[in-house]
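Chain order of the listed sequences is A and B. Position 122, counted from 1, in the first sequence is what numbering that gives the first Met the number 0 calls 121; the numbers after and before it change by one each time, with no gaps. Position 28, counted from 1, in the second sequence is what numbering that gives the first Met the number 0 calls 27; the numbers after and before it change by one each time, with no gaps.
I should point out that these hints are in silico values taken from the structure, not numbers from a laboratory. Certain hints may be false.
[Stated by the list, open to error] In silico DSSO-like pairs for lysine-lysine, Cα to Cα no more than 30 angstroms straight-line:
no. : chain 1 : residue 1 : chain 2 : residue 2
1   : A       : K216      : B       : K27
2   : A       : K104      : A       : K1
3   : A       : K186      : A       : K27
4   : A       : K216      : B       : K97
5   : B       : K27       : A       : K162
6   : B       : K96       : A       : K216
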Amino acid sequence: MKKLIIIPAYNESESIERTVRDIQEHAKDFDYIVINDCSTDRTLEICREQGIPVISLPINMGIGGAVQTGYLYAYRNGYDMAVQVDGDGQHDPAFLTQMADYLEKHQLDMVIGSRFIEKEGFQSSVIRRVGIRYFSGLIRILTGQTITDPTSGLRMVGRDVIKLFSERYPNDYPEPESVTAILRRGKRVEEIPVVMRERSGGISSISMQKSVYYMVKVSLAILIERIRSE
Amino acid sequence: MNIRIQIIVVAIVVAALVGLINLIRRNKLQLKYALLWFGLGIGICVFACFPGLTSYLAGVMGIYTPINMLFFAGFCFSLAIIFSLSVAISRLSERVKKLSQEIALLKGTGGDEEENTLTEGE
Chain A
0 MKKLIIIPAY
10 NESESIERTV
20 RDIQEHAKDF
30 DYIVINDCST
40 DRTLEICREQ
50 GIPVISLPIN
60 MGIGGAVQTG
70 YLYAYRNGYD
80 MAVQVDGDGQ
90 HDPAFLTQMA
100 DYLEKHQLDM
110 VIGSRFIEKE
120 GFQSSVIRRV
130 GIRYFSGLIR
140 ILTGQTITDP
150 TSGLRMVGRD
160 VIKLFSERYP
170 NDYPEPESVT
180 AILRRGKRVE
190 EIPVVMRERS
200 GGISSISMQK
210 SVYYMVKVSL
220 AILIERIRSE
Chain B
0 MNIRIQIIVV
10 AIVVAALVGL
20 INLIRRNKLQ
30 LKYALLWFGL
40 GIGICVFACF
50 PGLTSYLAGV
60 MGIYTPINML
70 FFAGFCFSLA
80 IIFSLSVAIS
90 RLSERVKKLS
100 QEIALLKGTG
110 GDEEENTLTE
120 GE
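This is chain B alone, in the form it adopts within the complex:
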């Protein structure tokens, strides 16, 4: 890994993290969902700044060049993030379904204002 790629990688990650923080600051992104991206960014920086570590891991895994190790690790972690989003979406879908059902029940059977057979309290 040469110094040029190291600088490029760190610069990109820092720019991305600043962008992330800015989005959170403007309430367009929840911190909870940004944490994994922070982890990814910091992880990539660590691998880029400590080529010894990257080389060692690359050797252990049988990857020829350290930079490939960095890309591979970044890719795997990104997959993990995407998967966690799938889980989050599943949970949100379920909650939206429950909310829709509650609203529908609150609205009652419609038409006849007096008839509201399934009132749930005040």
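Here chain A stands alone, though its shape is the one from the complex:
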């Protein structure tokens, strides 16, 4: 099983090295690739200095475009599984082997690492949790499936979904919309409990003002996704 870890990184020079070392230690049977989203700090230089495999995007595309590049890379290089691990250190690579085993054993298309099943570790801010519960409910109404952590970036997918995502992936706030998209196609998605850490350096990319746009845009996107044709 060829497995790839996609590490999107925008201005993560403080945490990228530690994130990669963590991966090297806990996920030895995974390949990994950093997708440098046109960082303006030393993220790219650090990767090159440390010999970390990196794809350097010529323009900044945001999390959606960057991660989709990773899926495209995974598809073209024949990977059977791909998992997203953020460059800021929030995701713990210790769970990756568990996720891969779970995906294989239950013949799933996607395994999501959810913070909210066991409710351990970093639980995000109250406001974010309200938003997450809202999206959880919306997805349940539209697809019948309960996803407790629809905004989790820690997601592992199989070959079918790698191809789907490499062809079409939302540009911003991609997680809830993309989950709805594959659920609509009848893909098998399950979650396992994980523990996430607070981001170790840098700043989060979602500010207060953007939150309103986020809620409206993603809600509409999920609704339209539900009635989407090919």
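With the hints as your guide, set chain B onto chain A.
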């Protein structure tokens, strides 16, 4: 504002919104760029359905008939949308320029396959 124009306006807006959603559904229009048009459509519907509000605003602005207020508001908002498109195009132009430059540099100086003086890594 009489009931006839109200019905016509709402019918047109609803038809337009359905068309919008259909285009998004078929991946011919990005939701991001459609949001402002949604706002315009909903705004027009609100003004058409609440003539009291429209009359009040018309009075405040010195416009004689409420329906003119509706057209004026729709026109101003449309201008704002067009302007936002100008901004979006400017941004896209810049990105296309950067991409073109990167591709040109990747292709190297051409002719001589060995000579590629500006390689940017693997």
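Status of each hint after checking the structure:
1. Straight-line distance between C-alpha atoms of K216/A and K27/B comes to about 17 angstroms, which keeps the hinted pair within the 30 angstroms bound.
2. This hinted pair checks out: K104/A and K1/A have alpha carbons roughly 16 angstroms apart, not beyond 30 angstroms.
3. Under the criterion of a C-alpha separation no larger than 30 angstroms, the hint pairing K186/A with K27/A is consistent with the structure, at around 28 angstroms.
4. Distance restraint check for K216/A and K97/B: the Cα-Cα separation of roughly 28 angstroms lies within the 30 angstroms cut-off, and the hinted pair is therefore satisfied.
5. The straight-line distance between the Cα atoms of K27/B and K162/A is roughly 20 angstroms, inside the 30 angstroms bound, and the hint therefore holds.
6. Taking the CA atoms of K96/B and K216/A, the gap is about 29 angstroms. The hint holds against a cut of 30 angstroms.
Checked against the numbered hints above, the structure violates none of them.
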